[in-house]
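*Asks:* Position chain P with the ligands relative to chain Z; hints supplied.
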Amino acid sequence: MSFLNLTSIQKSFGPVQVVKDFNMVIEKGEFVSFLGPSGCGKTTVLRMIAGFETPSGGTITINGKSQANLRPNQRNIGMVFQAYALFPNMNVAENVAFGLRVAGRPKAEVDQRVKEMLGLIKLDHLADRYPYQMSGGQQQRVALARALAPKPQVLLLDEPLSALDAKIRVSLREEIRMIQQQLGITTVFVTHDQEEALSISDRIVVMNAGKADQIGAPAEIYNRPATRFVASFVGTLNLIEAKVVDPASNRISIGDQGVTLREPLGNAKAGDTISLALRPEAGSIAPDAKGDTALTGEVISSNFLGSVIRTRMKVGTAVISFDMFNSPGLVPPAVGETATLRFTATDLLIIRD
Amino acid sequence: MKKFWAWGALIFGLLYFILPLVGMTNFSLKMRRGVYSLDAYAVVLGDPRFQETFTYSILMALSTIVFGVLLVVPTAYWVRLKLPGLRPYIEFITLLPLVIPAIVIVFGYIRLYNTSSWLPLTGTTTGTNILLMFGYSTLALPYMYRSVDTGLRSIDIATLTEAAQSLGAGWTTILAKIILPNVLVAVLSGAFLTFAIVIGEFTMAALLNRPAFGPYMQLLGANRAYEPAALAVMSFALTWGCLGLIQLVSRFQKGAQSPA
Ligand SMILES: Nc1ncnc2c1ncn2[C@@H]1O[C@H](COP(=O)(O)OP(=O)(O)O)[C@@H](O)[C@H]1O
Ligand SMILES: [Mg+2]
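Which chain is which? The protein sequence lines are Z and P, in order.
The first sequence maps to residues 1 to 353 in our numbering.
The second sequence maps to residues 1001 to 1260 in our numbering.
Okay, chain P solo, but in the shape it has when bound:
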């Protein structure tokens, strides 16, 4: 009986989740009257604004990942190595973006860095792009930090650091040659999550008025019928692709590092 209810709940959940997806996919294929076709997808992919915003968001995602890795890996490493007492506080700070809405963060940015401020980042396109990247990094911080911190836990960083130091290595070498390669899988999981977040993000990009993919999806959704459905299916596939890659790399690591 207990099993029955468990299965029931599972099936209900799946239906709740899958039916809309099926419906949406079905709808996205019906642009041509009476037959299934990929017309909606062709329209979306052929739209120059799609190409433009998608490329922009991918570039933003990549720079966010690079910036995030450069910020988080040394920080998490240093905190674990030298300031273990600070870990709870750092962890708390990295979790703040989960409770502070993006809109609050971006309004804060605009107030602090507007054209009449001491650092007028919003005055130029590059400046705004940088500001947006910082914003994305903030959003990704909880995932990136946790992921890297967990990765660091699985190696004995104190002893490895000392071994490397006694062999003449400085901090840069230790981080680049020893720490980063050993938490690469954790970094990649964090990177894929960051990628998924940045690709779909709307609030920050819209308020900073940058041509990102999130605002484009919103715009399309407000004005067209079939194309938004096609777009939703595609971005959904992309996000799940990222999650799949996380699974793949963590499995790859288990294979490579299983202790003898």
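Here chain Z stands alone, though its shape is the one from the complex:
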């Protein structure tokens, strides 16, 4: 029996349906990210779990219990908001204690738990500070402690890092993941940042226009995008148009150069156009590069990005970009030069949708 079940969830605001048949099963202790562009309905799904919105259809159960008739304050769900939402009239300790006080816990227990939570987020020394006296990162850690203090069944985070600067964003996401694993709390994390989702999740739900396009582990989502949308949204990816030459032997052509795919072409006919995806890091033009497949073309740009060199190459009408790791001896290809890109045929994915 899974812990948090979302079954056929729908939500309409007036005539606009923003969540369409959303299904998700989350195990106890799992860290799941909802990843998708702004406006795709991530927050709406999260708010339905928390009870702030009522689904237009479908059911939500937590630990086997339907949430339909429970108000937000009866659900025992921890929530962290993008805007921190600390109570401005209370200091750090009072903020963290709020949920426990509301629940009527004895004072000794509250004090003990507040201390424990402040230890967890390493802010023991700021217990007396007020929210306006702290940085955004500190405030968000307090918000996390406040949400966790009453031992919620589920923790929901709605773009908790979006308001912070890049450096703190990275360190805080690792801290969130560590705390989550330490407590073993079932967590749903909403983000539009694919790197964030890939780096800390057990599983990712890629959302597109109110639906779950693909659900899977980070590596699965990244390496095997199920739809064109997932392929283009997660990571940078080359989408290459190719022509089917011989469906029986999986022969296709990219800019008149023949390639044999590993994946069966299904019911495509000779002459059909199909879309292929290739990750920029899958190939190399180094002379010693390995791979059973090669494409030759003209280098049209070459950008030094620090740890990698991103090169774009023209093969027929297709433009393919690929990354090579920088090394002191490496000479970046010059624009106008002809180069041969080698990669393994299994890295070429057929995108069907």
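Because the hints were derived from the structure by calculation, they are not lab data.
Each hint should be verified, as a subset may be incorrect.
[Claimed, not checked] Cut-off 35 Å, straight-line C-alpha distance, at most; resulting in silico cross-link-like pairs (DSBU-like, lysine-lysine):
id, chain 1, residue 1, chain 2, residue 2
1, Z, K243, Z, K151
2, Z, K151, P, K1082
3, Z, K65, Z, K107
4, Z, K151, P, K1002
5, P, K1177, Z, K107
6, Z, K28, P, K1177
7, Z, K167, Z, K211
8, Z, K243, Z, K167
9, Z, K115, P, K1003
10, Z, K65, P, K1082
11, P, K1177, Z, K65
12, P, K1177, Z, K122
13, P, K1082, P, K1177
[What the hints assert, rightly or not] Which stretches of chain Z does chain P cover? Using the computed rule of at least three CB atoms under 8 Å from a CB of chain P, they are:
id, stretch
14, 64-76
15, 89-99
The beta carbon of each residue, even a glycine, is placed where N, CA and C say it ideally should be.
*Replies:* The following block gives chain P with the ligands in isolation, referenced to the frame of chain Z:
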């Protein structure tokens, strides 16, 4: 040249405003022939009717404030949170007391709640006191509502409410522990204004025949020479004291809540 006229206007305004005050204060100190004395003040303060009416008005002011806060804070909060479309209408209603004279309101009350009506509030002293408090609340409504509504604008009430709800809080807890403390300064400004209004109010108290401070001032003014001047100076000082306190609390809040 422009500056000259600006200063001129300012000085004229100040004279227009201050000279009568100076004159009145001066006059209030001259009860004893030939020397300055506080005799008039001593007479006023020693008058049992002064003590009685002043206490009554202070008690009325305090109950009006409590009633006003209990009425306005939840209303303004709810309208902002759940019925933002209604805000212009609510605002319009709260401004009505500024355009409807108090005498109209109180005649309306007397007609509606007289001894032969369905709710004979004017039949008992307590009932009349309650009616007067409602009347005062109406007069204070424009100030109280605006003040609280502005205070609510400065915090993100929707998110704070949801944060509190997810931590298990119900509406009463949210209002008492989160909303009220965060608009306390606004509430206090509204409260001081209410206080100043109630202390000086004449029409309603006189027509409902309650022993309030306003009618007492009027009575004294009609019958004595020096004492009304002393009384006027005192109530003036009280009103300005209230305004000063508003300044003080709003400055206090700026100090406490300046964003980092
Ligand atoms: N209360 C609401 N009333 C009307 N439309 C809403 C409301 N909340 C969200 N929407 C709409 O629903 C869509 C999804 O919103 P949201 O769930 O916030 O997206 P996300 O969090 O993925 O950016 C958006 O188009 C948004 O405008
Ligand atoms: Mg959102």
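*Asks:* Run every hint past the structure and note whether it holds.
*Replies:* Here's how the hints hold up against the structure:
1. Z:K243 - Z:K151: violated (56 Å)
2. Z:K151 - P:K1082: The given pair, whose Cα atoms are some 29 Å apart, holds under the 35 Å limit.
3. Z:K65 - Z:K107: Holds: Z:K65 and Z:K107 sit about 31 Å apart, inside 35 Å.
4. Z:K151 - P:K1002: violated (68 Å)
5. P:K1177 - Z:K107: Holds. P:K1177 to Z:K107 sits at ~17 Å (cutoff 35 Å).
6. Z:K28 - P:K1177: holds (33 Å)
7. Z:K167 - Z:K211: holds (32 Å)
8. Z:K243 - Z:K167: Measuring from Cα to Cα gives roughly 44 Å; hence the hint is violated.
9. Z:K115 - P:K1003: With Cα atoms ~62 Å apart, Z:K115 and P:K1003 exceed 35 Å; violated.
10. Z:K65 - P:K1082: holds (29 Å)
11. P:K1177 - Z:K65: Between P:K1177 and Z:K65 the Cα gap is close to 31 Å, so the pair holds against 35 Å.
12. P:K1177 - Z:K122: Satisfied, since the Cα-Cα distance of roughly 27 Å is no more than 35 Å.
13. P:K1082 - P:K1177: Holds: P:K1082 and P:K1177 sit about 19 Å apart, inside 35 Å.
14. 64-76: holds (count 6)
15. 89-99: Holds, because 3 residues of the stretch 89-99 of chain Z bring their Cβ atoms closer than 8 Å to Cβ atoms of chain P.
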